[in-house]
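These are the residues of each chain, in order.
2 protein chains.
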Amino acid sequence: MKSEILRLLKESNTYISGQQLCEQFQVSRTAVWKVIDQLKKEGYQIEAVRNKGYRLIDSPDVMSKAEIESLMDTKWAGSNVVYYDEIDSTNNRAKEAGDNKAPQGTLFVADMQVAGKGRRGRVWQSPAGSSIYMTILLYPEISPLKAPQLTLVMAIAVAEGIKEVTGLDTKIKWPNDIVVNGRKICGILTEMSTEIDYINHVVIGAGINVNQDDFPEDIRKTASSLKMELGKQVKRSELIAAIMKSFEKDYEIFVKTEDLSGLQELYNSMLVNLDRDVKVLEPGNEYEAHALGINKTGELIVRTAEGEEKEIYAGEVSVRGVYGYV
Amino acid sequence: MKSEILRLLKESNTYISGQQLCEQFQVSRTAVWKVIDQLKKEGYQIEAVRNKGYRLIDSPDVMSKAEIESLMDTKWAGSNVVYYDEIDSTNNRAKEAGDNKAPQGTLFVADMQVAGKGRRGRVWQSPAGSSIYMTILLYPEISPLKAPQLTLVMAIAVAEGIKEVTGLDTKIKWPNDIVVNGRKICGILTEMSTEIDYINHVVIGAGINVNQDDFPEDIRKTASSLKMELGKQVKRSELIAAIMKSFEKDYEIFVKTEDLSGLQELYNSMLVNLDRDVKVLEPGNEYEAHALGINKTGELIVRTAEGEEKEIYAGEVSVRGVYGYV
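Those protein sequence lines, which keep their order, are chains A and B.
Following our numbering, the numbering of the first sequence begins with 786 at its first residue and continues without gaps.
Following our numbering, the numbering of the second sequence begins with 786 at its first residue and continues without gaps.
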């Protein structure tokens, strides 16, 4: 009921009477009052006027199941939120839920991770109060060979969500980092459990720097936050809901063709590497080339110094010059 | 200590004195006697002769951590056994252990599974007392794209282990069923947890029909057991140890080249589909072709009616005629 009352308050431009809430949820006035009181304690500014009712004046940058769900405008992506103030890693919780067949699109969100994961077992610093750590659980009926493309779908959705909520143009560093002014704002970690030719489940986690004012010395030159770029706070729950709305749309475009052909143009328009020189780092092989954008399966097409076009799969690419570390 | 005493008894052709065991393990006579008594209760026939010591006359078809480990002759594959009289599924336990970074090669064995899994979420009937249900946990440092080939490595190892212990020639139905006289003896289920370009862990489970005398009506025509083929019981723990010895050898050949080039010839010599007509079942496509064997990445090479050679990846193929269901 809390999510629904919050949603009504948010969607209403005027006062909502206690009587109306009682009738809608078939509960007592006391029950309604208790929910309103809880919301106030969580930081919501709610005005209560006799004979008029309740009105939401302002929401804090609060993350909770109720807050996130009240903002969610999707059919399935993130419509079921599992929220933690503190957890080992949202990817781990999503994987466990996948083993237990939790619903498609269930979203795991945490304010803080004590064992946040980057790629290849690296640590993802996950302090409380300023970031988004979220992971969506999916059961795509596609070949495991195609699943890696989903990580690019999430990259698009994060960039779109940030644009929607803040107006900020971010770029994608292939395959799936979100960068702005050459600094990393978001990392994405996709993991899957598969049989040889069958996907048990896929989880896509995103760690987004939102309201940090600074970073530890070792990543200060390569990391940024939305607040540092915009000069103002961003409400994390709004951003989560916006990203989920974009993700749902983009995911449905993806599954129609089971590739990125419907998203390729959009992705390339956001690609920081586009038309730039890149250094291709393959195991035991390093060479320079010119990036031409992704193909419909998400590989990066590059032109080598010899004029040969190559498609790069899941390697690590770094862009030279201009854009800091990217 | 139980595994080690059992191993000494098995390896010795003559009596081992209680005194010798006490000294070797730095324990009291009573402690040794207790272990011997336990083993007897588990069905081992152990002769105890005054002034001579203990001698193992016969081992039953018993499965236990001690029995399996006492027979294991490997460096890492199966050298650490986790045994269950009853469990949901050995693959599930191995996956959980993989999430918790249990050692490479840890082997999960059960006498009975209450939620045994076949491919694509199907049920694998897993009654007690007659089958092997086992899963090995691996952390191969290869691309996730190459991991499916490991399922063929296990198929070879199972066929080799059966040959070693029973003398029976079995065949492999591509990619990974073990068959004999057209009936299925063993199924293999490989599952993995990966990032886009990094393997968290791979688990390979094998369900082997060993001492069944009969099968339920619905699979009677397509299933067989080693006992039904041989006319005599097979000791499951011996078979497990033999398969692990083969697997360790074959796995090390595989990782050297990160493909099946070193095992291709061996695999094809066991391939029931070799030089036979097969029906290729692809999603929305079915055609007949002639199977020519696997290539070095484990794909089945077939020649179509039009004379075109195709490489089939992870589809489902069925062989027509002669060999029953296969």
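Treat the hints loosely; a few may be bogus.
For chains that are exact copies, the list does not tell them apart, and a pair is met inside one copy or across any two.
[Said to hold, decoys possible] Simulated crosslink set (DSS-like; lysine-lysine; CA at most 30 Å straight-line): (1) Lys886 to Lys1017; (2) Lys931 to Lys860; (3) Lys1020 to Lys825; (4) Lys1064 to Lys1041.
No lab work stands behind these hints: they were computed from the structure.
Results of checking the hints against the structure:
1. Lys886 to Lys1017: For Lys886 and Lys1017, the Cα distance exceeds 30 Å both inside one copy (40 Å) and across copies (42 Å).
2. Lys931 to Lys860: within (24 Å within a copy, 36 Å between copies)
3. Lys1020 to Lys825: within (17 Å within a copy, 69 Å between copies)
4. Lys1064 to Lys1041: between (33 Å within a copy, 28 Å between copies)
Going down the numbered hints, you'll see the structure goes against just number 1.
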